[in-house]
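Protein chains in written order, with the working numbering: chain A, 6 to 509; chain B, 434 to 844.
Just so you know, not all the hints are guaranteed correct.
Unchecked claim - Partial list, computed: chain B residues near chain A (C-beta under 7 Å):
| id | residue |
| --- | --- |
| 1 | Ile-570 |
| 2 | Lys-574 |
| 3 | Ala-575 |
| 4 | Thr-617 |
| 5 | Lys-619 |
| 6 | Ala-623 |
| 7 | Tyr-651 |
| 8 | Ser-652 |
| 9 | Thr-653 |
| 10 | Ser-713 |
| 11 | Gln-714 |
| 12 | Val-789 |
| 13 | Phe-793 |
| 14 | Leu-830 |
| 15 | Pro-833 |
| 16 | Arg-834 |
As the list claims (entries may be wrong) - Computed spacing ranges between beta-carbons, pair by pair:
| id | chain 1 | residue 1 | chain 2 | residue 2 | range |
| --- | --- | --- | --- | --- | --- |
| 17 | B | Glu-725 | A | Lys-292 | 33 to 41 Å |
| 18 | B | Tyr-720 | A | Leu-438 | 36 to 44 Å |
| 19 | B | Tyr-720 | A | Asp-28 | 40 to 48 Å |
| 20 | A | Asp-459 | B | Gln-680 | 41 to 49 Å |
| 21 | A | Leu-111 | B | Val-752 | 37 to 45 Å |
| 22 | A | Ala-293 | B | Glu-610 | 17 to 25 Å |
| 23 | A | Ala-324 | B | Phe-550 | 22 to 30 Å |
Note that these hints are calculated values from the structure, not bench results.
Glycine is no exception: its CB is placed at the ideal position from the N, C-alpha and C atoms.
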Amino acid sequence: MTTAALQEDTPGKRAPLVLGHRDFNAVTETVAGIVEKKTTPSWLVLLGLAVSVLLILLGSLGKLVAEGLGIWGLNNTVFWAWDITGFVFWIGIGHAGTLISAILFLFRQKWRTSINRAAEAMTIFAVMSAAIYPVFHVGRVWFAYWLFPIPNQMSMWPNFKSPLLWDVFAISTYATVSILFWYVGLVPDLATLRDRATTKVRSIVLGIFSLGWRGSHRNWLNYEKTYLILAGLSTPLVLSVHTIVSFDFAVSIMPGWHTTIFPPYFVAGAIFSGFAMVVSLMVLARKAYGLEGLITIKHLENMNKIILLTGTMVGYAYAIEYFIAWYGGNEYERFAFINRAFGPYKWAYWTMWSCNVFSPQLFWFKRIRTSIPAMFVISIFVNIGMWFERFVIIVTSLHRDYIPSSWTYFRPSLFDISTFLGSFGLFFTLFLLFLRFLPAVAISEVKGVMPQADPHAGHDDHGHDAHDDHHEEASAKADESEDEGDEGEEASDDAEKDEEESRG
Amino acid sequence: MSQAAAMTAGRATGEKSKADDARKLPKDVGDTLTKAGMGLAVLGVVAAGAGYAMDAKRFAASYLIGFLFVATIALGGLFFVLVQHLARAGWSVAARRQMEWLAGLLPAVAVLSIPIFLWAHDLYHHWMGPQAATDPILQKKAGYLNPSFFYGRSAFYVVVWVALGLYFTRTSRAQDESGDAKLTEKMQAASAPAMILFALTTTFAAFDWVMSLDPHWYSTIFGVYVFAGCATSSLSVLALITVQLQQRGYFRKISTVEHRHDIGKLLFGFIVFFAYIGFSQFLLIWYADIPEETVWYHHRWDDAGWAKVSLAIFFGHFVIPFLLLLSRHAKRHAVGLSVGAVIMLVMHYVDLYWLVMPTFDHHFHFSVVDICGLLGPLGIAAFLVARQAAQGPLYPLRDPRLAETVKVDNP
Numbered sequence: 006m007t008t009a010a011l012q013e014d015t016p017g018k019r020a021p022l023v024l025g026h027r028d029f030n031a032v033t034e035t036v037a038g039i040v041e042k043k044t045t046p047s048w049l050v051l052l053g054l055a056v057s058v059l060l061i062l063l064g065s066l067g068k069l070v071a072e073g074l075g076i077w078g079l080n081n082t083v084f085w086a087w088d089i090t091g092f093v094f095w096i097g098i099g100h101a102g103t104l105i106s107a108i109l110f111l112f113r114q115k116w117r118t119s120i121n122r123a124a125e126a127m128t129i130f131a132v133m134s135a136a137i138y139p140v141f142h143v144g145r146v147w148f149a150y151w152l153f154p155i156p157n158q159m160s161m162w163p164n165f166k167s168p169l170l171w172d173v174f175a176i177s178t179y180a181t182v183s184i185l186f187w188y189v190g191l192v193p194d195l196a197t198l199r200d201r202a203t204t205k206v207r208s209i210v211l212g213i214f215s216l217g218w219r220g221s222h223r224n225w226l227n228y229e230k231t232y233l234i235l236a237g238l239s240t241p242l243v244l245s246v247h248t249i250v251s252f253d254f255a256v257s258i259m260p261g262w263h264t265t266i267f268p269p270y271f272v273a274g275a276i277f278s279g280f281a282m283v284v285s286l287m288v289l290a291r292k293a294y295g296l297e298g299l300i301t302i303k304h305l306e307n308m309n310k311i312i313l314l315t316g317t318m319v320g321y322a323y324a325i326e327y328f329i330a331w332y333g334g335n336e337y338e339r340f341a342f343i344n345r346a347f348g349p350y351k352w353a354y355w356t357m358w359s360c361n362v363f364s365p366q367l368f369w370f371k372r373i374r375t376s377i378p379a380m381f382v383i384s385i386f387v388n389i390g391m392w393f394e395r396f397v398i399i400v401t402s403l404h405r406d407y408i409p410s411s412w413t414y415f416r417p418s419l420f421d422i423s424t425f426l427g428s429f430g431l432f433f434t435l436f437l438l439f440l441r442f443l444p445a446v447a448i449s450e451v452k453g454v455m456p457q458a459d460p461h462a463g464h465d466d467h468g469h470d471a472h473d474d475h476h477e478e479a480s481a482k483a484d485e486s487e488d489e490g491d492e493g494e495e496a497s498d499d500a501e502k503d504e505e506e507s508r509g
Numbered sequence: 434m435s436q437a438a439a440m441t442a443g444r445a446t447g448e449k450s451k452a453d454d455a456r457k458l459p460k461d462v463g464d465t466l467t468k469a470g471m472g473l474a475v476l477g478v479v480a481a482g483a484g485y486a487m488d489a490k491r492f493a494a495s496y497l498i499g500f501l502f503v504a505t506i507a508l509g510g511l512f513f514v515l516v517q518h519l520a521r522a523g524w525s526v527a528a529r530r531q532m533e534w535l536a537g538l539l540p541a542v543a544v545l546s547i548p549i550f551l552w553a554h555d556l557y558h559h560w561m562g563p564q565a566a567t568d569p570i571l572q573k574k575a576g577y578l579n580p581s582f583f584y585g586r587s588a589f590y591v592v593v594w595v596a597l598g599l600y601f602t603r604t605s606r607a608q609d610e611s612g613d614a615k616l617t618e619k620m621q622a623a624s625a626p627a628m629i630l631f632a633l634t635t636t637f638a639a640f641d642w643v644m645s646l647d648p649h650w651y652s653t654i655f656g657v658y659v660f661a662g663c664a665t666s667s668l669s670v671l672a673l674i675t676v677q678l679q680q681r682g683y684f685r686k687i688s689t690v691e692h693r694h695d696i697g698k699l700l701f702g703f704i705v706f707f708a709y710i711g712f713s714q715f716l717l718i719w720y721a722d723i724p725e726e727t728v729w730y731h732h733r734w735d736d737a738g739w740a741k742v743s744l745a746i747f748f749g750h751f752v753i754p755f756l757l758l759l760s761r762h763a764k765r766h767a768v769g770l771s772v773g774a775v776i777m778l779v780m781h782y783v784d785l786y787w788l789v790m791p792t793f794d795h796h797f798h799f800s801v802v803d804i805c806g807l808l809g810p811l812g813i814a815a816f817l818v819a820r821q822a823a824q825g826p827l828y829p830l831r832d833p834r835l836a837e838t839v840k841v842d843n844p
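For reference, chain A alone in the conformation it holds in the complex (with noise of 0.2 Å):
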């Protein structure tokens, strides 16, 4: 209750984005003590645990790869079903990481810094599993290259008119910008864990990966410049993929499919998706490696908000797409959405009201959005929504179209549920090691919102002394200010690197 009290966000007075580290080397030592310590049985139980589903990913594909597409529980009417509702599925929780680091960056939200590394990994890791979906769908995966468009002597080329062609040039620009753009903010900390390394292989290994980091003022400034310009190169991409992926949807014909708000809608929810699962996971791993003092209940809090918003304007593009459906006057309009409410699959679509647009109006309440139970089960309501959202607008279209002898209702095969299943395992496979081995929040960005970095912290605004240019010069974060016990995130000079090898 103390710390929901020392944050309380008072007009004129910010709140602290940082609880409990006293300075600089306190903010090291949490995050990179993640790293350093040794490995905990709890950790490999859960890896453990996440291998073993990553194995059911793996057999799964297996045998898809044997027998066929047939399966799964695809037929002629129904030909989408559980695929691409994974697909879509994955790539929106995709969504967030690059929404915090580029969005928020662009929009001045400091309280971003403590979020954004986890988040980016997330994203990463989402892509990758949702890509599973389309290279596996191909049949044949050793062609899967085939979606790129190769110059060929049978002159095939792919349908450059559609969408689906489209979504992978969007995804796969999106994860390479996003991998480009979380490795460069990785660049700093990781000179910080090869400055603390104990050992000669890991001080290699990390020396190559820190691209030479030293913390001079050049090096920052470069920083700085290529961060700003990824923030603007990412923020148009974040949005531009799940428009893209409406558009495999919207394109379309298709009662339930085609309607001119899905861009936006696609957008947000996947935005609104992400966001619930950053949440979900941050209450685990805050907890689980003590980062209470660096992702606060106020950054949960904030997040929720936004869980808010975004439920609320999936919400709204549910109810206008209701509403024009009918005031459109299309009878097989009015039947499509008549038909996901009240038809054999009206369980799924209150399913989705239910979890995307009532849940989150909890959040209104703030003892709700800063409850962690509360905040993490709604964060899960909000992620089985999101699936049946995809479900809903994907299977409810399809199953009833234009001739009724071609009716059906649509159940998925075990190997439907096993590769969903086993697409966990691998994201849940590649974030157990992203926090074991990579620093989980980003050190010295963290550093930059703490009032040490400030440079007139302390000082009246005018009350310039002779370290007048330094201050100039040096950005917020590179600022070596002369309050002791700061030894700087950049450790740059062999004597910190000394100090901290000695504590160490």
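Got chain A sorted already, so can you dock chain B onto it with the hints?
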């Protein structure tokens, strides 16, 4: 000491007395401004009368466009105020008062909407006229598109807007007097439900007042499209007012080049947002090629004149301002930002014209009556903004986040 530091020190000591912001416009300037606004209002009303006398039917459509121009700007102002409270923003305190002036137009928007309902049978004759009774598609939606429900809904929208506009502008002004930080908390708390009301009323007003001009046609994104226009137009007005207050020396420390830059960034963002929404609607309709949907674009493309207007929107509402405001230098430059803002305001009018007029005029021709329809509402709006600028403080004098807005920096 570096040059920058020397300049900072100089500004801090030597020029302190000159560096203060004007809390209010000087009386003579305020009077001149009010008089100029009054002149525009009189001119506008006279022009509107003349336009009505020339061609009453055409004038109704022209007036609808002019009314929408003012209403969208006012709604954009309200949106800005709401979103800044919602996000507990600090940077925007210096810009909020100008947007409150725009939101302060909403009571006038309510009055200006009355002629729309008086002429509704001309404007919405496709579904209000007798032929609607025999139209099977319109029969299906008669439960929504019928005159009495239409008037009732419209009254609801304007009542909501007036209430929100008055609440947020008055509370902010009350804080000028009392300096009570609790008022900020009150506005923050109110901004969330207010935003929901804003979203729903704006969407359905767009459906009712614009989309239903062509009552067979529908598009789920249409409300968002009109909202995007609200944002670009109101931010353009904000940019122009801010630049003028800064250039004339009324804003020195509270609102600076950094705020200009931030307003420019936000405007740039919404220019892209507008293009994104407009393109999404176009691409999905073009690709699916369903006649009942493409008809709307055919009305705006088959005629050579309308095709030119369509292209003008693509280039003028997106490509040119996008390229201009992409530059950091242009956003920070008083003239650069003002040019961008003027382009966006002109194109906002063209966009509304393109939304409304093809229903009435299958062959594009711009008439002097159209100018009259714009001048009426615009003159009245200009007068009301000028009067608010002349009479009240130029920024939220005692906002608890004033210190934050002064410190805004775009390194």
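Quick rundown of the hints versus the structure:
1. Ile-570: 5 Å, holds
2. Lys-574: Hint on Lys-574/B: holds, closest Cβ of chain A at ~5 Å, below 7 Å.
3. Ala-575: Given a least distance of 10 Å, the restraint on Ala-575/B is violated.
4. Thr-617: Because about 4 Å separates Thr-617/B from the closest Cβ in chain A, which is inside the 7 Å limit, the hint holds.
5. Lys-619: 10 Å, violated
6. Ala-623: Not OK, violated: Ala-623/B not within 7 Å of chain A, min 13 Å.
7. Tyr-651: With a closest approach of 4 Å, the Tyr-651/B hint holds.
8. Ser-652: 5 Å, holds
9. Thr-653: Thr-653/B check passes; min Cβ-Cβ to chain A is 4 Å, inside 7 Å.
10. Ser-713: 4 Å, holds
11. Gln-714: Since the shortest Cβ distance to chain A is 5 Å, the answer is holds.
12. Val-789: At 19 Å from the nearest chain A Cβ, Val-789/B fails the 7 Å test, so the hint is violated.
13. Phe-793: 22 Å, violated
14. Leu-830: 14 Å, violated
15. Pro-833: 3 Å, holds
16. Arg-834: 6 Å, holds
17. Glu-725/B x Lys-292/A: 33 to 41 Å: Since Glu-725/B and Lys-292/A have Cβ atoms about 55 Å apart, the given range 33 to 41 Å is violated.
18. Tyr-720/B x Leu-438/A: 36 to 44 Å: 42 Å, holds
19. Tyr-720/B x Asp-28/A: 40 to 48 Å: Hint violated: Cβ distance 57 Å, outside 40 to 48 Å.
20. Asp-459/A x Gln-680/B: 41 to 49 Å: Violated - the Cβ-Cβ distance for Asp-459/A and Gln-680/B, about 32 Å, lies outside 41 to 49 Å.
21. Leu-111/A x Val-752/B: 37 to 45 Å: 22 Å, violated
22. Ala-293/A x Glu-610/B: 17 to 25 Å: 52 Å, violated
23. Ala-324/A x Phe-550/B: 22 to 30 Å: Hint holds: Cβ distance 26 Å, inside 22 to 30 Å.
The structure is inconsistent with the numbered hints 3, 5, 6, 12, 13, 14, 17, 19, 20, 21 and 22, although it conforms to all the rest.
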